[in-house]
Amino acid sequence: MDFYTWIITNKELFKIFYALIILIICIVIVLKTNRLFKLSLHPGIRYFRNAFFFYGIGFLIRYFIGTPFVYENILPNSHAFINLAFEFFLVMGGFFLLYSLLWKRFETDVPSFSSLFNSRILILYAITIIAVILDSLWKMNYIMFVSQIIIFIFASVISYSNLIKSKNKHMFLKYYFTAMSLSLIAWILNALAALYFEWNNIILVNIYVLNMIVFLLFLYGVIKVTKT
Amino acid sequence: MARKRERLDVIKDILKSIRVNRQIKPTRLLYASNLSPQMFKEYINELISKGFIKIDIDKKEKKTFSLTIKGNEFLEEYKVIENFIENFGL
Numbered sequence: 009m010d011f012y013t014w015i016i017t018n019k020e021l022f023k024i025f026y027a028l029i030i031l032i033i034c035i036v037i038v039l040k041t042n043r044l045f046k047l048s049l050h051p052g053i054r055y056f057r058n059a060f061f062f063y064g065i066g067f068l069i070r071y072f073i074g075t076p077f078v079y080e081n082i083l084p085n086s087h088a089f090i091n092l093a094f095e096f097f098l099v100m101g102g103f104f105l106l107y108s109l110l111w112k113r114f115e116t117d118v119p120s121f122s123s124l125f126n127s128r129i130l131i132l133y134a135i136t137i138i139a140v141i142l143d144s145l146w147k148m149n150y151i152m153f154v155s156q157i158i159i160f161i162f163a164s165v166i167s168y169s170n171l172i173k174s175k176n177k178h179m180f181l182k183y184y185f186t187a188m189s190l191s192l193i194a195w196i197l198n199a200l201a202a203l204y205f206e207w208n209n210i211i212l213v214n215i216y217v218l219n220m221i222v223f224l225l226f227l228y229g230v231i232k233v234t235k236t
Numbered sequence: 014m015a016r017k018r019e020r021l022d023v024i025k026d027i028l029k030s031i032r033v034n035r036q037i038k039p040t041r042l043l044y045a046s047n048l049s050p051q052m053f054k055e056y057i058n059e060l061i062s063k064g065f066i067k068i069d070i071d072k073k074e075k076k077t078f079s080l081t082i083k084g085n086e087f088l089e090e091y092k093v094i095e096n097f098i099e100n101f102g103l
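Quick note, the sequences are listed as chains A and B, same order.
Start counting the first sequence at 9; every next residue gets the next number (the working numbering).
Start counting the second sequence at 14; every next residue gets the next number (the working numbering).
There could be a bad hint or two in this list.
Simulated restraints, written as ranges between beta carbons of each label pair [stated by the list, open to error]:
#, chain 1, residue 1, chain 2, residue 2, range
1, B, K29, A, N209, 54 to 60 Å
2, B, P39, A, L39, 34 to 40 Å
3, A, N18, B, E59, 51 to 57 Å
Derived pair list, reagent style BS3-like, types lysine-lysine, alpha-carbon separation capped at 27 Å [unchecked claim]:
#, chain 1, residue 1, chain 2, residue 2
4, B, K63, A, K46
5, B, K67, A, K46
6, B, K54, B, K38
7, A, K232, A, K40
8, B, K83, A, K235
9, A, K40, A, K182
With the Cβ distance kept under 10 Å, some of the chain B side facing chain A (calculated, not the full set) [claimed, not checked]:
#, residue
10, R20
11, E59
12, K83
13, E86
14, G102
15, L103
Don't read these hints as lab results, they were simulated from the structure.
Each residue gets a CB set at the ideal place from its N, CA and C atoms; glycine is no exception.
Starting from the given sequences, assemble the full structure and let the hints guide the process.
Okay, here's the thing in structure tokens:
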């Protein structure tokens, strides 16, 4: 039995394992960055923390609340709502990650009273809610795919520019660019799988593996950099 | 051209000046911080409200500033915070 066949045979188990790893990574990153934010009040760290907070909630909802057991026994007819919530948190996570790289262009370094409810972030919520509603009306995820591909194109370009500017002085910038590029590839594959390959299992396994690598890269960076 | 000091750098410089002197008078700290009096006041108020520094009254009834445990902790962690910001391009 080859790798793909084994994974596809144990698909549900693999999904739980995949989501658990990502959830744990998100919790570790949120806790570590929250401590740094509390000390520094740096808006960039705050938005970075929010990105992983939203990703964590998204994965929790999709893979631990949105299980067949819950649909059948606890929350019947909640499938559509759980998918909408997952899409909302995933898109917002992407926006927060991109905004953590861009905030200096829009704000001063004096932190606003809330990073979840300030005027700029409310615009991002509005865009995300519109995207989620349109996707649910069309019963597809077109807007989520397009928004994520655009977000990660920008994030890849910005992280590449940061890498060039730093002249290799900061070791994680290289991995950051790698993580952003892999995320971009994962979202393109996701869109292709949905639009042309009817959610082909082999493509999905590759997307899961790519996503895990991205989250592990971030975990590695956060642990390495915050190691005292 | 020299890079504009960011908020975090200013806070670090103020706290470092206090730590070096253990206790420092407001006027000396103002000179050491290289800030305008208005900006200096804003930063000092922020640092007091965050519990990074405290005001002491010396024997001659003059006001001095000293670092709190939290302020010391910030200085210890400053390098980590700076590294994090630079490594993640934040």
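Cross-check of the supplied hints:
1. B:K29 / A:N209: 54 to 60 Å: Once the Cβ atoms are compared, 57 Å apart, the range 54 to 60 Å for A:N209 and B:K29 holds.
2. B:P39 / A:L39: 34 to 40 Å: Since B:P39 and A:L39 have Cβ atoms about 37 Å apart, the given range 34 to 40 Å holds.
3. A:N18 / B:E59: 51 to 57 Å: Since the Cβ atoms of A:N18 and B:E59 sit about 54 Å apart, the hinted range of 51 to 57 Å holds.
4. B:K63 / A:K46: Satisfied, since the Cα-Cα distance of roughly 10 Å is no more than 27 Å.
5. B:K67 / A:K46: holds (19 Å)
6. B:K54 / B:K38: Judged against 27 Å, a Cα distance of about 13 Å means the pair holds.
7. A:K232 / A:K40: This hinted pair holds, its Cα atoms lying about 11 Å apart.
8. B:K83 / A:K235: holds (19 Å)
9. A:K40 / A:K182: holds (21 Å)
10. R20: Status holds, d = 4 Å.
11. E59: The hint holds - B:E59 has a Cβ within 10 Å of chain A, the shortest such distance being about 9 Å.
12. K83: holds (8 Å)
13. E86: holds (7 Å)
14. G102: holds (4 Å)
15. L103: holds (3 Å)
In the structure shown, no violation is registered for any of the earlier numbered hints.
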